[in-house]
Amino acid sequence: MIRRSMVVAVGLAAAVGAGLYQLKHEVMLLEQELAHVNRAILDDQEAIHVLKAEWTYLNEPRRLEALSKKYLELAPLAAAQVITIDDLPTRLDPVISDANNPTAAGGATQASTGAAR
Amino acid sequence: MPPRLRLDGITKQALDTGRTRLIFSGGLFVLAFLVMALRLVDVTLLRQGAEPRAATGETAGALRMDRADVVDRNGVILATNLDTASLYANPRQVLDTAQAARKLVTVLPELDESELQSRLSSNRAFVWIKRSLTPKQEYEVNRLGIPGLYFQREERRVYPQGALASHVVGFADIDNKGLAGIEAGFDENLRDDTAPLRLSIDIRVQHVLHEELSRAVDEFHAEGAVGVVMDAHTGEVAAMVSLPDFDPNDPAHDPAEARFNRATLGTYEMGSTFKIFTTAVALESGVASLDDGYDASNPIHIARYVINDYHPQARWLSLPEIFIYSSNIGAAKMALDVGAGRQRAFLQRLGLLQPAHIGLPEVGTPLVPAPWREINTMTIGFGHGISVSPLQMASAVATVVNGGVAHDPTLIRQAPGTQPAGKRVLSEATSDALRRLMRLNVVDGTGKRAEVPGYLVGGKTGTAEKTVAGNYSRKAVLSSFVAAFPMDAPRYVVLIMLDEPKGTDETHGFATAGWTAAPVTSRVIARMAPLVGMTPIDEDAPEVQAAMFVDINSRGRRLASF
Numbered sequence: 001m002i003r004r005s006m007v008v009a010v011g012l013a014a015a016v017g018a019g020l021y022q023l024k025h026e027v028m029l030l031e032q033e034l035a036h037v038n039r040a041i042l043d044d045q046e047a048i049h050v051l052k053a054e055w056t057y058l059n060e061p062r063r064l065e066a067l068s069k070k071y072l073e074l075a076p077l078a079a080a081q082v083i084t085i086d087d088l089p090t091r092l093d094p095v096i097s098d099a100n101n102p103t104a105a106g107g108a109t110q111a112s113t114g115a116a117r
Numbered sequence: 001m002p003p004r005l006r007l008d009g010i011t012k013q014a015l016d017t018g019r020t021r022l023i024f025s026g027g028l029f030v031l032a033f034l035v036m037a038l039r040l041v042d043v044t045l046l047r048q049g050a051e052p053r054a055a056t057g058e059t060a061g062a063l064r065m066d067r068a069d070v071v072d073r074n075g076v077i078l079a080t081n082l083d084t085a086s087l088y089a090n091p092r093q094v095l096d097t098a099q100a101a102r103k104l105v106t107v108l109p110e111l112d113e114s115e116l117q118s119r120l121s122s123n124r125a126f127v128w129i130k131r132s133l134t135p136k137q138e139y140e141v142n143r144l145g146i147p148g149l150y151f152q153r154e155e156r157r158v159y160p161q162g163a164l165a166s167h168v169v170g171f172a173d174i175d176n177k178g179l180a181g182i183e184a185g186f187d188e189n190l191r192d193d194t195a196p197l198r199l200s201i202d203i204r205v206q207h208v209l210h211e212e213l214s215r216a217v218d219e220f221h222a223e224g225a226v227g228v229v230m231d232a233h234t235g236e237v238a239a240m241v242s243l244p245d246f247d248p249n250d251p252a253h254d255p256a257e258a259r260f261n262r263a264t265l266g267t268y269e270m271g272s273t274f275k276i277f278t279t280a281v282a283l284e285s286g287v288a289s290l291d292d293g294y295d296a297s298n299p300i301h302i303a304r305y306v307i308n309d310y311h312p313q314a315r316w317l318s319l320p321e322i323f324i325y326s327s328n329i330g331a332a333k334m335a336l337d338v339g340a341g342r343q344r345a346f347l348q349r350l351g352l353l354q355p356a357h358i359g360l361p362e363v364g365t366p367l368v369p370a371p372w373r374e375i376n377t378m379t380i381g382f383g384h385g386i387s388v389s390p391l392q393m394a395s396a397v398a399t400v401v402n403g404g405v406a407h408d409p410t411l412i413r414q415a416p417g418t419q420p421a422g423k424r425v426l427s428e429a430t431s432d433a434l435r436r437l438m439r440l441n442v443v444d445g446t447g448k449r450a451e452v453p454g455y456l457v458g459g460k461t462g463t464a465e466k467t468v469a470g471n472y473s474r475k476a477v478l479s480s481f482v483a484a485f486p487m488d489a490p491r492y493v494v495l496i497m498l499d500e501p502k503g504t505d506e507t508h509g510f511a512t513a514g515w516t517a518a519p520v521t522s523r524v525i526a527r528m529a530p531l532v533g534m535t536p537i538d539e540d541a542p543e544v545q546a547a548m549f550v551d552i553n554s555r556g557r558r559l560a561s562f
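One line per chain: the protein sequences are A and B, in this order.
Using this note's numbering, the first residue of the first sequence is number 1, and each one after it goes up by one.
Using this note's numbering, the first residue of the second sequence is number 1, and each one after it goes up by one.
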């Protein structure tokens with residue numbers, strides 16, 4: 001009787017020990033992975049930081065202006081180029097109410113309300 | 001038969017003692033094991049929640065640099081820290097110093113070979129060879145494979161915008177200590193904080209201002225130039241340029257005078273732009289109204305000076321006429337009527353008599369006459385005999401046009417939508433009158449070349465003669481133009497100042513503000529207004545006409561040319 005319970009107890013202890021070792025090993029691996037990921041995050045943050053500085057450098061207004069002059073036909077906006085939405089003509093000419101063609105009339109009303117908004 | 005053993009006396013006593021001791025210590029052990037058993041039950045079965053469900057590991061955290069970034073109001077980087085490698089040597093470990101020096105010079109040609117060799121031969125354990133190497137240089141030095149050389153990771157302050165905002169941002173030294181501008185003024189904040197410091201500067205407006213001023217300096221062969229763009233209602237500086245300027249990435253490269261911030265540290269006699277304040281204090285104190293005027297037919301002789309007009313009309317001038325013809329005689333008489341006490345108190349409240357609180361170390365102290373005599377009152381009436389910084393000037397004009405509330409100028413962005421508390425300096429009515437006068441001056445006076453269709457610009461010219469060897473010189477002038485727009489509800493104040501512009505063929509040889517500074521103002525406003533999202537106004541609309549109407553009330557003949 002005593003021998004039997006002894007065998008069970010020793011078996012249990014061995015199983016628990018092995019399980020614990022396995023678990024500890026897995027945790028160690030995970031911790032290594034975590035440290036690795038953390039390092040990678042910091043590296044990426046640093047890279048983002050450098051890239052942001054480079055992006056700003058490349059977007060320097062003087063450089064953009066030179067590039068724009070070279071490749072685009074853009075000029076500073078004049079006040080006359082700015083109009084309000086009320087000044088826009090309606091997209092469709094006003095249609096005389098036509099019983100045979102209700103869609104055209106409906107379209108015109110829609111366009112004019114859109115412009116008035 | 002063995003005799004029955006009887007334990008008596010001393011032996012029995014000893015056995016009894018032994019048994020008691022055994023029971024006692026056994027009891028102790030039982031107790032201890034009981035406690036352990038209970039504790040085990042407690043820990044394994046009863047204690048709930050004490051053990052965290054998830055283990056916490058270390059986290060990466062945010063990237064931390066030695067110094068926080070400086071960004072503009074839209075988050076564009078003006079200054080940032082980057083990692084670099086710095087090369088140092090342990091001379092005790094360098095085997096062949098001559099060979100090491102010769103090899104290093106092939107990769108870093110800016111170093112001097114003999115000097116390098118003497119440094120490598122020194123008996124110390126640490127000598128710098130070169131700070132802040134590029135990644136390519138680092139790779140090449142590594143490839144040389146010289147023993148005793150090491151890299152130290154260092155941070156270096158980098159200004160990606162170059163000279164664009166050099167006087168505002170300033171610069172930091174190689175050990176990341178702020179030496180000028182915001183870098184010095186907010187040094188502690190930049191060291192302690194991780195969040196970027198957000199300035200009120202808008203880099204797009206800054207670029208427009210910088211470019212137009214540079215062009216004007218070239219065109220008029222000016223010694224220098226200043227530009228300030230300020231939000232009229234909050235005192236936030238949207239752009240500030242002082243030319244000549246420098247590259248903050250290499251501040252020692254440019255001459256020392258390039259590092260002088262004319263906008264905040266320099267103080268100048270601003271000239272006729274001061275007539276804005278003279279007119280304002282005259283209206284505010286009730287000394288004169290827009291219907292009144294002064295006789296400007298004869299120059300004023302006082303002490304050894306003669307006060308003359310640059311555009312002489314030689315007749316009685318109404319207040320609006322004094323403003324648009326920029327009459328020194330009229331302004332001097334007006335100032336005399338106001339009196340020294342009131343004039344001084346008014347300029348004090350506008351912040352023109354004490355250094356501006358801007359958060360930069362480079363702040364000039366205004367030069368104010370003491371004692372404030374009658375002649376000072378008269379000359380200050382048209383902007384001579386008092387020196388203020390262009391920034392103070394812009395801030396004071398903002399106060400005059402925004403409805404009369406003074407705000408400290410600032411380079412730090414205020415939370416959008418909030419209106420910082422200011423102190424009232426003049427009434428709404430006076431502010432309204434000055435807005436009309438400044439608009440009239442652009443429509444019909446000395447500031448016509450500052451007009452931008454659609455943005456209702458108003459402003460005042462100022463051409464101050466510089467003192468050369470103690471005397472005012474007609475040749476060396478400071479031409480300035482201070483404007484606000486749109487004049488019915490001003491949003492921005494723009495100040496442009498050119499130092500010693502020379503007349504060109506296009507300006508018919510004139511170097512006065514109306515010919516030099518006013519056109520620059522016009523170009524700056526025309527380019528910046530759409531950038532800041534301003535809708536053009538129809539100047540001919542009746543309500544705009546009514547808001548800008550001034551009865552000139554002239555007793556002289558109207559000039560047909562206007």
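Treat the hints with caution; some may be incorrect.
[Said to hold, decoys possible] Ranges of calculated distance between the beta carbons of each label pair, as one might list FRET restraints: (1) B:A489 <-> A:L74: 24 to 34 angstroms; (2) A:Y57 <-> B:K475: 36 to 46 angstroms; (3) A:Y71 <-> B:L531: 18 to 28 angstroms.
[Unchecked claim] Taking beta-carbon pairs under 7 angstroms as the criterion, some of the chain B residues facing chain A (in silico): (4) L63; (5) G75; (6) I77; (7) T80; (8) L82; (9) P160; (10) A163; (11) H207; (12) P453; (13) G454; (14) R527; (15) N553.
Think of the hints as simulated: they come from the structure by calculation, not from any bench.
Note that the structure is a prediction, hence the values are computed from the model and not measured.
Just so it is clear, CB atoms sit at the ideal spot from N, CA and C, and this is done for glycine as well.
Any hints this thing doesn't respect? Which numbers, in order? 5, 10 and 15
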